[in-house]
Amino acid sequence: MTIRIERLRARHASWGIDIRRFLGPFILAGYGLFILSLFMRNVMQLYINPVYIAPTTLAGAVLVGLAALSFARPSVDACNCEDACGCSDSHTMGLHTYGLLCVPLLLALLFPPRALASFSAIERGPQAAGMTVLHGASSVKRVSLSVNTKTFGMMDWVGALSADPNPRDYQGKPVQVTGMVLHAPGSVPTGYIMVIRYMVTCCIADARPVGLVVRDTSHGALKDNQWVTVTGTMTSASESGQKVAVVAPTKMVVTKSGNPYMY
8 MTIRIERLRA RHASWGIDIR RFLGPFILAG YGLFILSLFM RNVMQLYINP
58 VYIAPTTLAG AVLVGLAALS FARPSVDACN CEDACGCSDS HTMGLHTYGL
108 LCVPLLLALL FPPRALASFS AIERGPQAAG MTVLHGASSV KRVSLSVNTK
158 TFGMMDWVGA LSADPNPRDY QGKPVQVTGM VLHAPGSVPT GYIMVIRYMV
208 TCCIADARPV GLVVRDTSHG ALKDNQWVTV TGTMTSASES GQKVAVVAPT
258 KMVVTKSGNP YMY
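For the sequence shown, the numbering used here assigns the number 8 to the initial residue and increments by one for each residue that follows.
No wet-lab data here; the hints were simulated from the structure. Remember, it's a predicted structure, so these values are computed and weren't measured experimentally. Backbone N, C-alpha and C fix where the C-beta goes; we use that ideal spot for every residue, glycine too. Please note that the accuracy of each hint is not assured.
[As the list claims (entries may be wrong)] Ranges of calculated distance between the beta carbons of each label pair, as one might list FRET restraints:
(1) Leu107 to Ala255: 51 to 61 Å
(2) Leu112 to Ala255: 43 to 53 Å
(3) His103 to Gly132: 37 to 47 Å
[As the list claims (entries may be wrong)] No farther apart than 20 Å at their CA atoms in a straight line, the calculated lysine to any residue pairs in the SDA-like style are these:
(4) Lys230 to Gln178
(5) Lys157 to Arg222
(6) Lys250 to Thr185
(7) Lys258 to Thr208
(8) Lys258 to Thr185
All chains, please: the whole structure from these sequences, using the hints.
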């Protein structure tokens, strides 16, 4: 009976060692395959700046390769620590540790990647170009208003208004931008909305909602998260006793949702 119990204990111990041996490579492979799937589905830009897509994809491939090598490695029997062989199990992790390592991967699988929307903009605090100080604006592309502003995108306008917020320098300049509608009554003059996008430096964690103040010619018909293409001219409006640069639209067309991020 004693011999049978000892054999059962040894069998359970070997099972535990085998589980731990394969759990690490399995988790590595899971993270690697997830990263590669983001690249294959062309959604990695919803997480990080496109500049980092290539090295991140390479890192995913390396993780899969390391996992494959670990799976292929011959099993090494562990000695019985009850014997005086001097072995230690301090290098092994408990099953709960492996479980914790799986949590981020499970969350990523349960919640597919989605672009940030107006709710996130309100939570992060929308910044109107020409009305608020854009911290880190030195990294924004500066532009010269001697060029035809019909070619300006949202990033160009944000850079120009960060460098020179004086609305008189932009009076009558043509504007055509596309972005997401945001009603932010505490941030813009009455009767105006914001058309925003997110400015990203590294990854979505540092994304900042920035945009232009636009006169709401729809009289409230436009809703948050709708995408519009605004065509008009740059003018000014009064806010808290100061003149600020705003867009006077001649046309606002609802359009298909696009990439909200600017890099």
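For this session: Against the structure, test the hints numbered earlier, and report the numbers of the ones violated in rising order.
Result: Violated hints (numbers, rising): 4, 6, 7; every other hint is consistent with the structure.
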